[in-house]
Structure formats: structure tokens, C-alpha cells
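Sequences and hints are given; from them, build the entire structure.
Heads up: the sequence lines are chains S and L, in that order. Its first residue numbered 1, the first sequence is counted upward by one per residue in the numbering used here. Its first residue numbered 1, the second sequence is counted upward by one per residue in the numbering used here.
The reader is advised that the hints may include incorrect statements.
[Claimed, not checked] Here are the simulated distance ranges between beta carbons:
(1) S:K146 - L:L243: 39 to 49 Å
(2) L:L81 - S:A94: 35 to 45 Å
(3) S:R135 - L:V54: 56 to 66 Å
(4) S:S155 - L:A210: 33 to 43 Å
(5) S:G209 - L:A25: 29 to 39 Å
(6) S:T80 - L:P166: 42 to 52 Å
(7) S:V250 - L:P166: 43 to 53 Å
Hints in this document: simulated from the structure, not taken from any laboratory. C-beta atoms are modelled at their ideal positions from N, C-alpha and C, and glycine is treated no differently.
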Amino acid sequence: MTNPGLRRSRCRRPLGAVCAVAILSGLMSGIMLTAPGCAPKAESLLLSAPWKPGELSRLEVRSATSGAPVADWLIAVRATADGRGWVLQNTVTAPQGEESSAVELDGTTLAPLRVDFTAKGQVEASYTALYGKGRCTVEATVGGKKQSGQVRLPSGPYFDNEQVVATLRAFPLAEGWKTTVAIIASRSVQKVQVEVKVSGTEEVSVPAGTYRCWVVEFPQLRQKAWVAVEPPHQLVRYVNEAALTESVLVEYSEGSQP
Amino acid sequence: MSGPQVFPGLLGRPPSLTALAVALALGALEWVGVWALVHRGRERPRPTLTGPEVAGVTLAFVLSGILTAAAVDLVQAPLQLAVNRWMVAHLATADPLILTFPAVLLSGLVQEPTKLAAALIGAAVARRRPGPADPATVLLYGGAAGLGFGVAEAAWVLTIVFEAVPSLGAGAIAWPLVERVSATLFHLAATGLTFYLATLGLRQGLAGLALLSVAHGLLNYGAVSLSFLVPGAGLLIEAFVALSSVGLTLVLVAVMRREPAKTQEDDKQ
Numbered sequence: 001m002t003n004p005g006l007r008r009s010r011c012r013r014p015l016g017a018v019c020a021v022a023i024l025s026g027l028m029s030g031i032m033l034t035a036p037g038c039a040p041k042a043e044s045l046l047l048s049a050p051w052k053p054g055e056l057s058r059l060e061v062r063s064a065t066s067g068a069p070v071a072d073w074l075i076a077v078r079a080t081a082d083g084r085g086w087v088l089q090n091t092v093t094a095p096q097g098e099e100s101s102a103v104e105l106d107g108t109t110l111a112p113l114r115v116d117f118t119a120k121g122q123v124e125a126s127y128t129a130l131y132g133k134g135r136c137t138v139e140a141t142v143g144g145k146k147q148s149g150q151v152r153l154p155s156g157p158y159f160d161n162e163q164v165v166a167t168l169r170a171f172p173l174a175e176g177w178k179t180t181v182a183i184i185a186s187r188s189v190q191k192v193q194v195e196v197k198v199s200g201t202e203e204v205s206v207p208a209g210t211y212r213c214w215v216v217e218f219p220q221l222r223q224k225a226w227v228a229v230e231p232p233h234q235l236v237r238y239v240n241e242a243a244l245t246e247s248v249l250v251e252y253s254e255g256s257q258p
Numbered sequence: 001m002s003g004p005q006v007f008p009g010l011l012g013r014p015p016s017l018t019a020l021a022v023a024l025a026l027g028a029l030e031w032v033g034v035w036a037l038v039h040r041g042r043e044r045p046r047p048t049l050t051g052p053e054v055a056g057v058t059l060a061f062v063l064s065g066i067l068t069a070a071a072v073d074l075v076q077a078p079l080q081l082a083v084n085r086w087m088v089a090h091l092a093t094a095d096p097l098i099l100t101f102p103a104v105l106l107s108g109l110v111q112e113p114t115k116l117a118a119a120l121i122g123a124a125v126a127r128r129r130p131g132p133a134d135p136a137t138v139l140l141y142g143g144a145a146g147l148g149f150g151v152a153e154a155a156w157v158l159t160i161v162f163e164a165v166p167s168l169g170a171g172a173i174a175w176p177l178v179e180r181v182s183a184t185l186f187h188l189a190a191t192g193l194t195f196y197l198a199t200l201g202l203r204q205g206l207a208g209l210a211l212l213s214v215a216h217g218l219l220n221y222g223a224v225s226l227s228f229l230v231p232g233a234g235l236l237i238e239a240f241v242a243l244s245s246v247g248l249t250l251v252l253v254a255v256m257r258r259e260p261a262k263t264q265e266d267d268k269q
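So this is what it looks like as C-alpha cells:
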């Protein structure tokens, strides 16, 4: 559309456009770097297991929009064979299928040592995640295909995705308490550092009873958990705003003395 | 707390007609708006296009949509996955701001060159003579190529959003629509600028492409970072993306307004 030979003479300053874009990029970077709400630095966590071997919690998972039940979530706790650690067993049963995970935890730190996961139904998958020195290695079979992956473990406190909600009960929850933890999503071979904070207390009535609860938030994940203030700090309610689900405690049995 | 996320791909999911129509209307409105800003108070360029020019502009638009969508599916997404896996396996941090940075930056490095390629191919088909482009040419080929992918991406996103309306309600459309307005404008402005700089010469073209690719990546990284830094601040993220897009569009408009528009005399000669 243009005949350069006939163009009028002009003072062309192409660097002006480049400079303007550079300034704009700088401004964008500045806004990002100075944005409020930077995650606080990780602190050491002193956890104390509130459960006993044989403890069972059953939660009903409901649709957050319709309130209709969508799945059954069972959390069982047992001691390891040597009695020095714990195994948290999560089983979620829905019409589409069943997911089950067994997470072996260190008895003192409650850090994950091993995860065995299976999914049956629409998706057939299983994996084993082994937590070693500085690394978590995942060996999976998804739809008959073998896959593997690794996660370099962070220096601060970390928990496996499959244990973190149940392990909240062991956190030193208190008014205004907050910390940063790393969550290792062994099922997707990912990791993310998130803030966990107590935003207050609420009295919550669920089919299993009425409990005074700490409201524990994961703001980045848009998830909230209601954990009983009194021991054994049951997981009373759990809302996943991203997945549009709400889980409520319908049955709880304490288990036996260790 | 969250399962694996699988990118379904732009090409693997054809957009619905409604989403495509909304995206096209959005793109057309933005193009007309930018055209009006560039030519405000100036002599308007001739309103008619020759056959090869129509073919060139159409090709720039369609090719950009197909080429960039293919690049996103076949290059960007696998590359991002590989980079992310490497970062997760080798860095002793779980800070999402660090882990996501290179993968997010890749989006600009893949998308800007393919959009520019579509604009240049369209201009070549129209038998545009070499040399610096006037504002109308920049908006026709650069703008069309920018919108080609912007509209394709918007149609893809809106298809998913429209499908979710029965379960989430009509309110679920608002944010994605606002986001697409900004993103489509960004694509238009970015490709307009890279096309203009490419017509000035190889050096300026490469410098412009590199800078705009990084700016694109930074825009995406800014949005991702804000979602981690200020959870639930959807408004802040949309404001950031909108300001960046409007800022880049104003750069394009300012640069174009410094360029003399092509006149009837130019055409006659």
C-alpha cells in the first residue's frame, strides 16, 4: 500500500517505540514486584499428632452450588508396623469411581515418607511416591502407561497433597496464627508454596455434632478447613471453592489408646 | 487438594459459533477503535482495498489464528511442560513465582513470532512493497494478524465459559469476557508494533520482536504472580492486564500518529 520511493521525507525514530515498550515492560515488572501480600518466609513447625490408631472420620462431599451429595470421604489413621510412624488412609468414593491414598508419615515431624495412590473408575491410575533425602520420586501407571517424575524437596516444612488437609489438625492453630508450607502434589509431580492462616473461630453444626472450630484458610488455593478447637481437633468442615465442593463430618470414631 | 491439569489444546476443541461470533465482534470493535484513534483529526486513508490486499489481510487474520494456535499446542504447551518439570525436579524451592517464571515467559516467545510471520506473509501476498509501513498498512496486516490469534484464543476461552453457564450462572461470563477484551487488544497492539518495526529493517524488527515477546511474557507472568500474591484479587489482575494492554495500544497509536498517513496523492503516484 506504500510506495517508499515517493514517501515524504520524515524524521524516523524507531527507537522511540522500542523505548516506550521497554518502559512499559519495566512498569509491569515494577507493579509485579511491589504488589502487596508476598508470602511470608517459612517458619519451623511444631506438630503434635492429635489422633489415635484406629481413628475414623467420615465426611460427606457435597456440591457447593446445589448441596447434593457427590462423594463419600473416609479418613482412617493407623500406626505403622514398627509403631514409630503413622499411616493416613484417604478413600473418596463417588459414582464415577474411587480414589484411595495411603500416606506414611514420620512419627515426629509428620513429614511424608511414602504415598501409595490408586484411582479406579473413569480413570485407572496408580502411583507410589517415595520421599528420600532432598527428593521425592514418583512412579506411576496411568491408563496402563508407565510414567515417572521427581520433585526436589524444599528446605522448609513440606507436606504431601494427599495428607495436608488431615494433617492440619496437628498444626499449632491459634487466633491469628499463620505460616507458609510447601505442598508436594505427588499425583501431578508439582509443588507449591502456600500460606496457611487461622482467620478466626466459628461454631459449626454438622451431622456429627456441633463444634467450636478454627477457620483455617489456604488463600492461594481458595480452600478453607474448619478444625475443632478442642482435642482431638476433628476436621469438621472443608470447602474447596475452586472445585465447588463442601465436605462435612458425618461420623467420627476416636480409635484406641496407643 | 488438586488433580493434574491437562491442557486440552486450542486446536483440539473447536469453538462454538456463539463464542466465535462474540470474539469476532469484540475484535472488530477494537480494531475500529484503534483505527479511529490513529486517524483522529487526520486525513483518512482511502477506503477501498485491491483484491490482493483483501486476500493478504484475510490471510494474515486466518493464518495467525491457525498458525499461532498450532504453535501454542505443538510448541508452547510441550515446552512449558518440559521447563516446568525441570524446574520442579531441580530447584529446592516451592515458590510459585520462581517455578512458573520461565514457563510463563515462553508464551510471548512462541506467540509473537508466529503472529508476526502471519502478518508478513499476508503483506507479501498483497504484494506490499518493501519499506516502512504507513499506519493503515500496520493496522491492516499487523492488526489483522494480532486479532487473528486474539479472536481464536477468545473464541476458545469463551466456548469453555459459555458451556459452564448452566452450572455456574451467567455471572461467570463477566470476568473472562473482560479478560478477553484486554488480551485481544494486547495481541492487536503487540503484533501491530512488531509488524511496523519489522518493516523498518531487520535489526529493528528483531529488536522489536524480542522486546514485545518479553513484554507479552511479562504481562502473563504479572497476571500469574498477582494471582499468587493477592489471592482472590480478580479485579486487580484484570486491572493490571487492562492497563498493560491499553498502555501498549497507546504506544502503537502514538507511534502511528507520528507516521504520516498515506494520501490520495501517494496512491496516484
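So, going through the hints one by one against the coordinates:
1. The hinted range of 39 to 49 Å is satisfied by K146 of chain S and L243 of chain L, whose Cβ atoms lie roughly 47 Å apart.
2. For the pair L81 of chain L and A94 of chain S, the beta carbons lie near 28 Å from each other, so the given range of 35 to 45 Å is not met.
3. A hinted range of 56 to 66 Å holds for the C-beta pair R135 of chain S and V54 of chain L, which are about 59 Å apart.
4. With their beta carbons about 36 Å apart, S155 of chain S and A210 of chain L fall inside the hinted range of 33 to 43 Å.
5. Take G209 of chain S and A25 of chain L: their Cβ atoms lie about 55 Å apart, and the range 29 to 39 Å is violated.
6. For the pair T80 of chain S and P166 of chain L, the supplied restraint of 42 to 52 Å holds, since their beta-carbon distance comes to about 47 Å.
7. Distance hint check for V250 of chain S and P166 of chain L: the Cβ-Cβ separation is about 29 Å, which falls outside the suggested range of 43 to 53 Å.
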